[in-house]
Amino acid sequence: MGIPYSYSFRNLWTRRLTTVLTASGMGLVVFVFAATLMLTEGLEKTLVETGSSDNVVLLRKSANSEVQSGVERDQASLLESQPEIAIGADGRPLLAKELVVLINLKKRVGDKPANVIIRGIDAASLKLRPAVRLKEGRMPRPGSAEVVAGESVAQRFKGCGLGETLRFGMRDWRVVGVFDAGATGFSSEIWGDRDQMMQAFRRPVYSSMIFRLRDTGAFDAYKARVEADPRLTVEAKRETQYYLDQSEAMAKFLRILGLVLTVIFSIGAVIGATITMYAAVANRVTEIGTLRALGFQRKSILASFIIEALLLGLCGGILGIFAASFMQLITISTMNWASFSELAFSFTLNFSIVWKSLLFSAVMGFVGGALPALRASRMNIVEALRAT
Amino acid sequence: MPEASAPIVRIRNLSKAYRRGTQVIPVLTDINFDIARGEFVALMGPSGSGKSTLLNLIAGIDSADQGSIQVGDVEITTLGESDLARWRAGSVGFIFQFYNLIPVLTAYENVELPLLLTHLSRRERSEHVEAVLNVVGLADRMDHYPSQLSGGQQQRVAIARAIVTDPEILVADEPTGDLDRASAEEILQLMDRLVREFGKTVIMVTHDPRAAEKAHLIRHLEKGELSVT
Ligand SMILES: Nc1ncnc2c1ncn2[C@@H]1O[C@H](COP(=O)(O)OP(=O)(O)OP(=O)(O)O)[C@@H](O)[C@H]1O
Ligand SMILES: [Mg+2]
Numbered sequence: 001m002g003i004p005y006s007y008s009f010r011n012l013w014t015r016r017l018t019t020v021l022t023a024s025g026m027g028l029v030v031f032v033f034a035a036t037l038m039l040t041e042g043l044e045k046t047l048v049e050t051g052s053s054d055n056v057v058l059l060r061k062s063a064n065s066e067v068q069s070g071v072e073r074d075q076a077s078l079l080e081s082q083p084e085i086a087i088g089a090d091g092r093p094l095l096a097k098e099l100v101v102l103i104n105l106k107k108r109v110g111d112k113p114a115n116v117i118i119r120g121i122d123a124a125s126l127k128l129r130p131a132v133r134l135k136e137g138r139m140p141r142p143g144s145a146e147v148v149a150g151e152s153v154a155q156r157f158k159g160c161g162l163g164e165t166l167r168f169g170m171r172d173w174r175v176v177g178v179f180d181a182g183a184t185g186f187s188s189e190i191w192g193d194r195d196q197m198m199q200a201f202r203r204p205v206y207s208s209m210i211f212r213l214r215d216t217g218a219f220d221a222y223k224a225r226v227e228a229d230p231r232l233t234v235e236a237k238r239e240t241q242y243y244l245d246q247s248e249a250m251a252k253f254l255r256i257l258g259l260v261l262t263v264i265f266s267i268g269a270v271i272g273a274t275i276t277m278y279a280a281v282a283n284r285v286t287e288i289g290t291l292r293a294l295g296f297q298r299k300s301i302l303a304s305f306i307i308e309a310l311l312l313g314l315c316g317g318i319l320g321i322f323a324a325s326f327m328q329l330i331t332i333s334t335m336n337w338a339s340f341s342e343l344a345f346s347f348t349l350n351f352s353i354v355w356k357s358l359l360f361s362a363v364m365g366f367v368g369g370a371l372p373a374l375r376a377s378r379m380n381i382v383e384a385l386r387a388t
Numbered sequence: 001m002p003e004a005s006a007p008i009v010r011i012r013n014l015s016k017a018y019r020r021g022t023q024v025i026p027v028l029t030d031i032n033f034d035i036a037r038g039e040f041v042a043l044m045g046p047s048g049s050g051k052s053t054l055l056n057l058i059a060g061i062d063s064a065d066q067g068s069i070q071v072g073d074v075e076i077t078t079l080g081e082s083d084l085a086r087w088r089a090g091s092v093g094f095i096f097q098f099y100n101l102i103p104v105l106t107a108y109e110n111v112e113l114p115l116l117l118t119h120l121s122r123r124e125r126s127e128h129v130e131a132v133l134n135v136v137g138l139a140d141r142m143d144h145y146p147s148q149l150s151g152g153q154q155q156r157v158a159i160a161r162a163i164v165t166d167p168e169i170l171v172a173d174e175p176t177g178d179l180d181r182a183s184a185e186e187i188l189q190l191m192d193r194l195v196r197e198f199g200k201t202v203i204m205v206t207h208d209p210r211a212a213e214k215a216h217l218i219r220h221l222e223k224g225e226l227s228v229t
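So the sequences go chain by chain: A and B.
Residue 157 in full-length UniProt numbering is what sits at position 157 of the first sequence, and the numbering runs on without skipping anything.
Residue 218 in full-length UniProt numbering is what sits at position 218 of the second sequence, and the numbering runs on without skipping anything.
No lab work stands behind these hints, which were simulated from the structure alone.
Remember, predicted model here, so these are calculated numbers, not experimental data.
Where is the CB? At the ideal position from N, CA and C, for every residue including glycine.
Careful, some of the hints might be misleading.
Said to hold, decoys possible - Below, computed lysine to any residue pairings styled on SDA-like, alpha-carbon distance capped at 25 Å:
id : chain 1 : residue 1 : chain 2 : residue 2
1  : A       : Lys299    : B       : Arg37
2  : A       : Lys299    : B       : Gly90
3  : A       : Lys299    : B       : Thr106
4  : A       : Lys106    : A       : Gln155
5  : A       : Lys299    : B       : Leu115
6  : A       : Lys299    : B       : Asp192
7  : A       : Lys299    : B       : His119
What the hints assert, rightly or not - Over 12 Å on every C-beta distance to chain B, these chain A residues come out as not near it, computed from the model:
id : residue
8  : Pro4
9  : Arg73
10 : Leu78
11 : Arg214
12 : Ile275
13 : Ala279
14 : Met327
With the hints as extra help, turn the sequences into a complete structure.
Okay, structure coming up:
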């Protein structure tokens, strides 16, 4: 048996002011680290939950998003009659031909303009998105200049609340309902009748098509056939994949930014831990000599100081995660880079992030404590005892 | 099998010098010295005469340049570092001038420390610790931290720590050097009791003639050489 853990722990406790200060430095780094992961996680979660893996999105080849895409009417009718499409309870195919347009609206706070997605919907559109539920009011009547707004848009943009009127496409549109779309990207959209919208925006073609697969396993064969058909210029993606691809650029940016910040900050925190641990070793030279004289081996001394540094790191980790957990209360709205529209999402904390953050903090503790622990273990017993 | 009269410490032709650059400072030269089992020896001599160095060599925390040191039936000058540490854990009890208790551990935990290097179970350890704390008369203070004890009490805890593994020899470097008259007297009486009642062998370095009086045998070191009084 080596030196008991309580020895390491109580030494940290005895100099708690230093411990808290050093741990706070590490906590700050862990906070940045965790917050970045939470942001990326929140973004991906929002976008992935927006999609359903049974749904297939059809876009023009090489179009990255629905906004850039266009599907000709003749191609649409060909695609409508494929056998893989599921049939709804009403006997009609679960397929929607939609129009997606970006418009510029002003925010309620600060009057700043931002892009919002307008989606012209089909009869099956709502059925294809189980996450979307009408919260207030009613759905727009087909053939009318009425819209429903996602909750996030209704709250944050002028003219988008229930009963208000919006102007776009040289027409006035009345907001007759507000829908709740959970944590999905639809919360940041406005929906209205597709044919009305195609007229208003003078668009001759649909933007995208979406349908439910009769059999989810049939996707690969369907994709291969449709994409090889010379009459068609479309690309098929599972809806989940489509939204994941949308988040890719942003997620990558966040990850790189987070990594750079974390690395820079962690150098400072590790140096702080090293200084603290060197001071701890210097203050306990006689103690180290005594332990060695009593028969504890060099490696026990090494382990004891490493454990102390690991505990110090974990204190920082816990502080950092504690602070980061409050970030969950914040909702971020940012540009969806693929469509340049507004997207609302939250910092999301999960076990994997907690675990990674604690591991990261322990690694910082270890790196910071390694040299001081080595020094402690290398001391000459007689010289250490003489240090009184 | 060693005879009853065989010495527990046997030192032959022991030499040690410190080197500072090219300069060689001889500390001990050709020491020959036997200590009998159950003896209470005081090492005296002027400052810098090498008393602590000799004690450290006997206790296996310093290394000799030449010669042999046998403690019990172990030749310790040939032991490697880990073996030496293991040997110290079982065979040497240390008593220091400034007690050297671990401040973050209670009296009980300080005394238990050397037992963590043995195979004793938690219960066995607790029996041993309580027994030696009773010997030094501090069983009622076992939950106290060193800072909550007087100097004399701390030294008694340190003595309990030194004897808890039932070592062959006890080494004490100026054990009363930091204590007032009364506490010093208590500590010396305790060490005397360890020798008389428990048959321990004690080797004590001291400047204090009154401390040396307690010992059965006083050895003087002068310029690295021993003489009998
Ligand atoms: N690490 C070292 N390097 C150089 N010289 C040393 C070292 N350690 C001890 N010495 C020298 O060895 C000699 C003996 O030292 P030691 O500590 O054994 O003396 P001592 O008899 O215990 O003295 P005191 O009564 O003051 O404690 C001294 O001259 C000291 O300066
Ligand atoms: Mg000395």
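Structure-based check of each hint:
1. Proposed proximity of A:Lys299 and B:Arg37 is contradicted: the alpha carbons are some 34 Å apart, above 25 Å.
2. Simply put, A:Lys299 and B:Gly90 have alpha-carbon atoms about 18 Å apart, close enough for the 25 Å limit, and the pair holds.
3. Among the hinted pairs, A:Lys299 with B:Thr106 is consistent with the structure: their alpha-carbon atoms are about 24 Å apart, no more than 25 Å.
4. Annotation: proposed proximity of A:Lys106 to A:Gln155 holds, straight-line Cα distance about 12 Å (limit 25 Å).
5. Restraint check for A:Lys299 and B:Leu115: satisfied, since their Cα atoms lie roughly 18 Å apart, inside the 25 Å limit.
6. Pair hint A:Lys299 plus B:Asp192 does not hold up; C-alpha atoms about 36 Å apart against a cutoff of 25 Å.
7. Restraint check: the Cα-Cα separation between A:Lys299 and B:His119 comes to about 18 Å, which is no more than 25 Å; the hinted pair holds.
8. Not every C-beta of chain B lies more than 12 Å from that of A:Pro4, the closest at about 7 Å, which undercuts listing it as non-interface.
9. Every CB of chain B lies more than 12 Å from the CB of A:Arg73, the least distance being 81 Å, so the non-interface label holds.
10. In this structure A:Leu78 is separated from chain B by more than 12 Å, as the shortest Cβ-Cβ distance comes to about 80 Å.
11. For A:Arg214, the condition that its CB be more than 12 Å from all CB atoms of chain B holds, with the nearest at approximately 67 Å.
12. Residue-level check passed: A:Ile275 sits 21 Å from the nearest beta carbon of chain B, beyond 12 Å.
13. Against the 12 Å criterion, A:Ala279 stays outside the reach of chain B, whose nearest CB is about 16 Å from its own CB.
14. Interface exclusion of A:Met327 from chain B stands, the closest Cβ pair being 36 Å apart, more than 12 Å.
This entry does not satisfy hints 1, 6 and 8, going by the numbered hints stated previously.
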